[in-house]
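Asker: Take these sequences, add in the hints, and give me the full structure.
If you're matching them up, the sequences are chains E, Z and D in order. Be aware that the first sequence starts at 1, since it is given in our numbering, and climbs by one per residue. Be aware that the second sequence starts at 1001, since it is given in our numbering, and climbs by one per residue. Be aware that the third sequence starts at 2001, since it is given in our numbering, and climbs by one per residue.
Please note that the accuracy of each hint is not assured.
[What the hints assert, rightly or not] Listed below are several chain D residues computed to face chain Z (Cβ distance under 10 Å; list not exhaustive):
#1 G2233
#2 E2339
#3 E2347
#4 A2358
#5 T2363
#6 G2367
#7 L2373
#8 D2380
#9 L2382
#10 T2383
#11 P2387
#12 I2396
#13 D2521
[Stated by the list, open to error] As a list, the in silico PhoX-like pairs of lysine-lysine whose alpha-carbon atoms are at most 25 Å apart:
#14 E/K93 with E/K62
#15 E/K5 with Z/K1122
#16 Z/K1064 with E/K114
#17 Z/K1063 with E/K108
#18 E/K108 with D/K2608
#19 E/K115 with Z/K1064
Hint data in this document are derived by calculation from the structure and do not stem from the laboratory. Here the structure is a predicted model, which means the values were calculated and not measured. From the three backbone atoms N, C-alpha and C, an ideal C-beta is built for every residue, glycine too.
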Amino acid sequence: MSGRKLTRGQIIGLIVAVVFLAILTAGLLMRHQGRPENTEAPDFTLQLYDGGTIHLADLRGKVVVINFWASWCEPCKDEARDLEEVWRRYKDKGVVFIGINWSDTESKARAYLKKYDVTYPNGPDLGRRIGQMYRIQGVPETFFVDKKGIVRKVVIQPMRADQIIAVIEQLRAETGE
Amino acid sequence: MRHRLYVFTVVLVVGMILAWPTTIWARTPTPNEVEAVARTLYCPLCVGERLDACEIPLCQDMKKEIARQLAEGRTPEEIRAYFVEQYGPVVLGEPPRKGINWLAWVIPVIVLVGAGAYALFKIREWSQSSPEPQTAVVTDDSAAVEDEYAARVERELAELE
Amino acid sequence: MADVGFVVLVISFVVTLYGILAGVLAHHWRRPDLVESSRRALYVFGALMTVAVAVLWYLLLTDDFTVEYVAGHSERALPTLYKVAALWGGQEGSLLFWTFILGLYAVAAALFLHERHPELNAYVYAVLHGIAFFFLAVVIFAANPFALLPFRPQDGNGLDPLLQNYWMVAHPVGLYLGYIGFSVPLAYAIASLITGNVGNTWLKTIRRWTLVPWFFLSIGILLGSQWAYMELGWGGYWAWDPVENASLLPWLTGTAFLHSIMIQERRGMLKVWNMVLIFLTFWLTILGTFITRSGVIESVHAFAISNIGPMFLVFLAVTLLGFLYLLFSRYPLLRSENELDAILSRETTFLLNNVIFATIAFTTLLGTTWPILSELFTADKLTVSAPFFNKVNGPIMAGLILLMAICPLLPWRRANWTVLKRQFLWPVVAAVLAVILLVVLGERRGWPILGFGSVVMVAATLVQEFARGVRARMRATKEPPWTAFVMLFRRNQRRYGGYIVHLGVIIMAVGIIGSGFYQVDNQAALKVGESMTIGPYTLRYDGLAERRRSNHAEVYAKVTLLKDGKPLALMEPKRNIYDKRPEQPISEVALRFGWKEDLYLVLAGWEKGGEIASFKAYINPLMSWLWFGGLVLIFGALIAMWPMPQRRRVAVRIPKGAVPQT
Chain E
1 MSGRKLTRGQ IIGLIVAVVF LAILTAGLLM RHQGRPENTE APDFTLQLYD
51 GGTIHLADLR GKVVVINFWA SWCEPCKDEA RDLEEVWRRY KDKGVVFIGI
101 NWSDTESKAR AYLKKYDVTY PNGPDLGRRI GQMYRIQGVP ETFFVDKKGI
151 VRKVVIQPMR ADQIIAVIEQ LRAETGE
Chain Z
1001 MRHRLYVFTV VLVVGMILAW PTTIWARTPT PNEVEAVART LYCPLCVGER
1051 LDACEIPLCQ DMKKEIARQL AEGRTPEEIR AYFVEQYGPV VLGEPPRKGI
1101 NWLAWVIPVI VLVGAGAYAL FKIREWSQSS PEPQTAVVTD DSAAVEDEYA
1151 ARVERELAEL E
Chain D
2001 MADVGFVVLV ISFVVTLYGI LAGVLAHHWR RPDLVESSRR ALYVFGALMT
2051 VAVAVLWYLL LTDDFTVEYV AGHSERALPT LYKVAALWGG QEGSLLFWTF
2101 ILGLYAVAAA LFLHERHPEL NAYVYAVLHG IAFFFLAVVI FAANPFALLP
2151 FRPQDGNGLD PLLQNYWMVA HPVGLYLGYI GFSVPLAYAI ASLITGNVGN
2201 TWLKTIRRWT LVPWFFLSIG ILLGSQWAYM ELGWGGYWAW DPVENASLLP
2251 WLTGTAFLHS IMIQERRGML KVWNMVLIFL TFWLTILGTF ITRSGVIESV
2301 HAFAISNIGP MFLVFLAVTL LGFLYLLFSR YPLLRSENEL DAILSRETTF
2351 LLNNVIFATI AFTTLLGTTW PILSELFTAD KLTVSAPFFN KVNGPIMAGL
2401 ILLMAICPLL PWRRANWTVL KRQFLWPVVA AVLAVILLVV LGERRGWPIL
2451 GFGSVVMVAA TLVQEFARGV RARMRATKEP PWTAFVMLFR RNQRRYGGYI
2501 VHLGVIIMAV GIIGSGFYQV DNQAALKVGE SMTIGPYTLR YDGLAERRRS
2551 NHAEVYAKVT LLKDGKPLAL MEPKRNIYDK RPEQPISEVA LRFGWKEDLY
2601 LVLAGWEKGG EIASFKAYIN PLMSWLWFGG LVLIFGALIA MWPMPQRRRV
2651 AVRIPKGAVP QT
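Answerer: Here it is in structure tokens:
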């Protein structure tokens, strides 16, 4: 091709093609992006079922366990009591549990919390925004955040009490500086 | 006096007991009403599946929630807005008309108008630089038109094999 | 045995690489022997792919579960038919199948077309080898169907229950025979651009060829809709799901191309359009594959997310930018040979036709890929489905039907009032009468009125065209009417076959409008012996029963259909519960179809062992017209593309002052 210039129509066509390819590339990159791990935990504010709110950024200096669940999720029920048990043991020891109810209905969620006697803070993920931030693909998914606010471990299956404690103890032992 | 108060209370209580089921009947939505609302919503988890066709537990819960809200007297629009708040705009099955998503509705219109303008422009450009056209002599005589047509058909048929 | 398959793939990979080089060098070094060598390499490629596919079928049919693909998509108890169909039931197998069909088409092109345009052959073969090379690369490096497991499982996972029905056997085959067939016209287009031989002659060869993949793609899409209708149980046949849209996009550009090509043949115009349309038709098949297999858009139909996404994206980018480069550098060669004589002429309508099809394709692509944009720029994931597409594409498609009525009535070059009056009189009268009839019957909604009115106008146009053609023939050859009618097809199969296709389209439109605007539904939970009504019918639930099949349990409800108290039929809506996937029961609809309407019954669930069962019932008016219209469309396409004995060319003397043809 000689140094001939492109016509207006050709330039438009080229721009459209490049833009479209860019969109596809971005989409593919997004799809391949994993969950946030070893990066700063995305900040959020959660309205709690018991009233009040909880703000993740306020919890620096503590170990935070973020658990995504839903009342229609069978494996979530397997770990519900374990989570509550570990919470009761560690709540005065600088560890916070946050339960995020994902893609669920309020009445069913509240019934679930009552059934498993869950006392740690729980709230609905309105619009599924928080789940989107953490790029979860289902429930249950548990994110362990250290004292500096970094996500250190992601578990995408139900956990037993001893497994939860193992991670918590490791993160507690670190300093918050 | 006490006797009348007693009778009044009994009648009131019995009346309420009798009337209670009718108030529920008046408000309980039929499966068709629930279905009609469900058809305008999409499952938040199984992408692209309409709520009335979706069978997963979440969708069953959503349909029960629709029934509950219809019974409370909410309109379908209010129920849809509730689900958008709960699960995000994914339940709408179309881009919401705000923010960048408004573009999804506008761009097709722009493209259609633009394409139409392009077509008109192109046609004008083509026809403006054309030489004097040579057309066959066409009279009002319908038989002549028919013959011309017949001849043309035969020509085209013979040529285009 | 699996290793044999893999080795065959590797050899094919080398062969196609050689084929590319041979073709390219053949052109630049002017070596006809290299051209012939590249052509032979296509035969070798085809033969090798046949072996590879045969190996995979052997592995499936002998239950060789050491092969990962077989273990993942088959089981001992799977009926043999589905073991055969399992070849294309999963990601790896379907990509292998794609490459195999490419081999078939490449061999066919090499066999039947090599003498037509020798100046193009070198690059035609190189391009075909190039496409094959890409797909082999994907199969070998990212989607190997011959990968082995480190152990031998007792039994496989079975085939996805959604795929265990007869449509699944035919629908993908139709689609693939459609998609891949467009590679050959593309190869010719690229070859003509590279070599600079952009003359109109190769188009004539290609236009008949292109009918074949178009034919298969239409069948594939129709079968897919039928599958959705019969198996998915929501009473509809098209959900505007990304995978469905992916099959529609190349069909739209392919249809536009088949029309637009007529203008280039007659008048040497719209050359750039035709190049772009051929390219897009091929490119959109690759894009569709990318969308449905990479996980970029989520879909109910999608295969599992895999690693092939990046490879396809690179291929898409390279081919798109490469094509644009070629197109822009050859632009001066693609100038129109003629000018328009008048605004109101057939050429104009063809341009409008291209524009409308392109717009529908654009908005479909926009809606399908919009969720990516939304997720990039907002925090929300979106589903873009029927609500969007019905509102946006619906009106445009209605416009297309109107165009279908107008276009054949306009003469080439210049329309004249007398001619126009004659052409349009009866169709317009018929349309107006139809509209009046609808209004009298009580319809007040704009869309059905417009839809039915346009359909009637097109029908009248078609009848008129056939009548005129028969009369003209009878006048010219003195044949009896029926002979004249048949001879119309023999003398100009493309035009009259095309009219039959249009007839098929409007019959389908009737089905779409009827079922879209007049559907009636009802749902109820019934105890044994109770009834529900829908329209004029009564449905009585008589009980639940179960049958055992080879790999699933079939739970069916016995429902008696009554009208005016008289039993008409026994309907048995079912739910199949597969042994390997009990959490994924499949609904089997009970369907009673007829010309006036379909009665569609779904078993939604049951309680207490069948004491209470819940049902969804739909009446879909005129639904069968959609399927019948599809058959007519297919028949028309067959007429248009049927190979006829070559006729001798006769020189026609054009009388002075008459309209000169191209």
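Asker: So, for every hint listed, does it hold in this structure?
Answerer: Taking the hints in turn, this is what the structure says about them:
Annotation: interface hint on D/G2233 holds; nearest CB of chain Z at approximately 7 Å, less than 10 Å. Checking D/E2339 against chain Z: minimum C-beta separation of about 4 Å stays under 10 Å; hint holds. Interface restraint check: D/E2347 against chain Z, minimum CB-CB distance 8 Å, threshold 10 Å, status holds. The closest approach between the C-beta of D/A2358 and any C-beta of chain Z is roughly 7 Å, which is under the 10 Å cut-off, so the hint is satisfied.
Annotation: D/T2363 was flagged as interfacial toward chain Z, and the flag holds, the nearest CB pair being 4 Å apart, inside 10 Å. A hinted interface residue such as D/G2367 counts as satisfied when its beta carbon comes closer than 10 Å to some beta carbon of chain Z; here the least separation is about 7 Å, so the hint holds. Given the 10 Å rule on beta carbons, the hint for D/L2373 holds: about 7 Å separates it from the nearest Cβ of chain Z. Because the smallest distance between the Cβ of D/D2380 and any Cβ of chain Z comes to about 5 Å, under 10 Å, the interface hint for this residue holds.
Taking 10 Å as the C-beta contact cut-off toward chain Z, the hint placing D/L2382 at the interface holds, the least distance being around 6 Å. Given the 10 Å rule on beta carbons, the hint for D/T2383 holds: about 5 Å separates it from the nearest Cβ of chain Z. For the restraint placing D/P2387 at the interface with chain Z, the shortest Cβ-Cβ distance is roughly 4 Å, inside the 10 Å limit, so the hint holds. Taking 10 Å as the C-beta cut-off, the interface hint given for D/I2396 holds, the closest approach to chain Z being about 7 Å.
The beta carbon of D/D2521 is positioned within 10 Å of a beta carbon in chain Z (closest approach about 7 Å), and the interface hint is therefore held. Of the supplied pair hints, the one linking E/K93 and E/K62 holds, its CA atoms being roughly 9 Å apart against a limit of 25 Å. Only pairs whose Cα atoms come within 25 Å are accepted, and E/K5 paired with Z/K1122 is accepted, the gap being roughly 21 Å. A threshold of 25 Å between alpha carbons decides the hint, and for Z/K1064 with E/K114 the separation of about 20 Å falls inside it, so the pair holds.
The suggested pairing of Z/K1063 with E/K108 holds, with an alpha-carbon distance near 13 Å, which does not exceed 25 Å. Between the alpha carbons of E/K108 and D/K2608 the distance comes to roughly 23 Å, so the proposed pair stays at or under 25 Å and holds. With a C-alpha separation of about 20 Å, the suggested pair E/K115 and Z/K1064 falls inside the 25 Å cut-off, and the hint holds.
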